[in-house]
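*Asks:* Residue numbers (numbering that gives the first Met the number 0), protein chains in the order written: chain Y, 0 to 356; chain R, 0 to 356.
It is worth saying that the hints were derived from the structure and are not from the lab. Hints are not guaranteed to be accurate.
Same chains, same label: a pair holds when it works inside one copy or across any pair of copies.
Said to hold, decoys possible - DSBU-like, lysine-lysine: derived pairs with alpha carbons at most 30 Å apart:
| # | residue 1 | residue 2 |
| --- | --- | --- |
| 1 | K319 | K110 |
| 2 | K288 | K50 |
| 3 | K203 | K352 |
| 4 | K81 | K288 |
| 5 | K164 | K352 |
| 6 | K50 | K62 |
| 7 | K203 | K110 |
| 8 | K288 | K110 |
| 9 | K319 | K303 |
| 10 | K319 | K348 |
| 11 | K266 | K122 |
| 12 | K266 | K203 |
There are 2 protein chains.
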Amino acid sequence: MKKYGITLLFLLLILSGHAQIRYYDGGQFPLIGKISDTTETRYERLPSWLKGICREPVWDLGKNTSGLALRFRTNSTTIAAKWEVLANSYMNHMAATGIKGLDLYAWTNGKWQFVNVGRPSGKNNQQTIISNMLPEEREYLLYLPLYDGVVSLQIGIDSTAIIGKPLLQFPSTTNPIVCYGTSITQGGCATRPGMSYTNILERKLNREVINLGFSGNGQLDYEIAELMGRRTDAGLYVLDFIPNVTLEQVLDKTVTFVNRLRQNNPKTPILLVESILFPHSVFDVQMYKTVTGKNNALRKEYEKLLQMGYKNIYYLPAGKLIGTDGETTVDGIHLTDLGFTRFADELQKTAQKILGK
Amino acid sequence: MKKYGITLLFLLLILSGHAQIRYYDGGQFPLIGKISDTTETRYERLPSWLKGICREPVWDLGKNTSGLALRFRTNSTTIAAKWEVLANSYMNHMAATGIKGLDLYAWTNGKWQFVNVGRPSGKNNQQTIISNMLPEEREYLLYLPLYDGVVSLQIGIDSTAIIGKPLLQFPSTTNPIVCYGTSITQGGCATRPGMSYTNILERKLNREVINLGFSGNGQLDYEIAELMGRRTDAGLYVLDFIPNVTLEQVLDKTVTFVNRLRQNNPKTPILLVESILFPHSVFDVQMYKTVTGKNNALRKEYEKLLQMGYKNIYYLPAGKLIGTDGETTVDGIHLTDLGFTRFADELQKTAQKILGK
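Excised from the complex, chain Y in its bound form (with noise of 0.2 Å):
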């Protein structure tokens, strides 16, 4: 009876076909979004030679995996993850897909399109992200969390399926473009990792993005200038720090930063993003004090950098860059979904004449 069973169970796993899944190792499948290589573990973002040098709280963000995707391919009906988060953390202002969940993309018709996001039910999590698909070869992307770390990563599959290596090199590795920033660059407060403003740049132009933005914490630290500066195949740099530094800070800082920058980049192109107006800075006066004067700041520090003589500054006002009618964030100051999009679209037509020229 025992052994009847067996079979039986056997032969519903048989007919079941590709309700059967088969978990393949994350660390076999390159990884893009990484500004070095790091050591400690594989899904993070700052190397060991920067830990007990740069501050504690960057090096503790560097943990968080935004930016970073898994890139392969595959032509199973569905595609699922096991995951383990590092924190499990929780924040009141953002959905946990967003924190600690993960976004598949597949390109399709000459663009990434978005397939659908493994939500986090913990700190180990075990999700189905798609199926009922048609068996077809695509090549995907998938992101990593942007408020948390991955401690370990599994890509399940149909059983009868295979899953390999991408075979386009798509989003092209060749000259990153490297952003430096706050909460905001980090990706607070995006509902699913894909729509972080440097994840949403790197699709719409199919190039990497990598992504140094440290919540509360782009405060101008020349370490990151440093690690930012070997990476001398960088195609563009946006320095996006106005609402974590001080008024001081900008004047202090902004020169010297550029300049470790510049040290073993001459002409790599570097954007001087400004704030963008918090929405509540309509009724805080206080805020809009504070942020048109950094603002304000920062543009006197690129104009001190031109009469200086440095090539290749650019810069970008506060202007359009998330529309007028206040409706983008979702406590004044990190951007919603709708904010990341018309920051992403605003960014993407100014790198694109940047590095176009």
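Following the hints, complete the assembly by docking chain R onto the known chain Y.
*Replies:* Structure of chain R alone, referenced to chain Y:
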């Protein structure tokens, strides 16, 4: 010494001026967005005659305050709130600010302008929403949680400021728009209450929009049609239930549901809305088949109604509801602020065409 200390404390309190917040019970300010008076509590959507008559999940979801908003005016420089939520709900694909936060708008330059959000910390919440405003009298609109209930609510202002009932009857409560539907209608997954499509529409048209979205339960319950039909002052009924019904239910229940609305409202326009084409259905062929099948069935019911001689029945196809870039949802189904903005834009155009007639 003790007496001296107390005097000093008083002096400090006076000097600190508006840092002192005084709270006023929300019960004294008008509440908009309700289909009917309620008796169990002020902050709920369904009247008690439905208790035990409608299905239990519908009754329970009626306790969620989606679409409800307080109206008041004040000249305070700070606005704060204390609120207790009913269930302290959590969802892994929606920010807590949307689930159980508050969302403040002010009438400014002829439109409702976002002020800021009340971020929830748990069941009992106390939060400064905005500060550092000029002490000008403004009219405010405070949206209540989308996916939780409100047990109590107090509004805090500077102890020296005034607060009172609104002088402007905005949004107009004459001929409100009544929207019936699903989790999407209820506001899943807006980042904050103001970004559900019914609340966006309310601000854009400056007309009261009543939310009868019931997550997972927009199943054409006739008791809800009865409730909606009793509002003979309704300017427009919007029926957006397709994602929650089966193909069979579309065929079985649509005409009867419309009939219930028509009993007391022979001429009130009724708008049938197709299900959005879920972005992940580009890949999930089963989902694509299901959704388009139900949409096609709805169109046939619509044509049947026209053939039966019904007037003022309108139809909104899925076509442009959320655009075609696939980026508008958090999970393939539930809209983000980006999706809701596009959906509300399309619905606004359609509603204005209908209401302009």
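*Asks:* Among the hints numbered above, which are violated by the structure, and what are their numbers in rising order?
*Replies:* 2, 5 and 11
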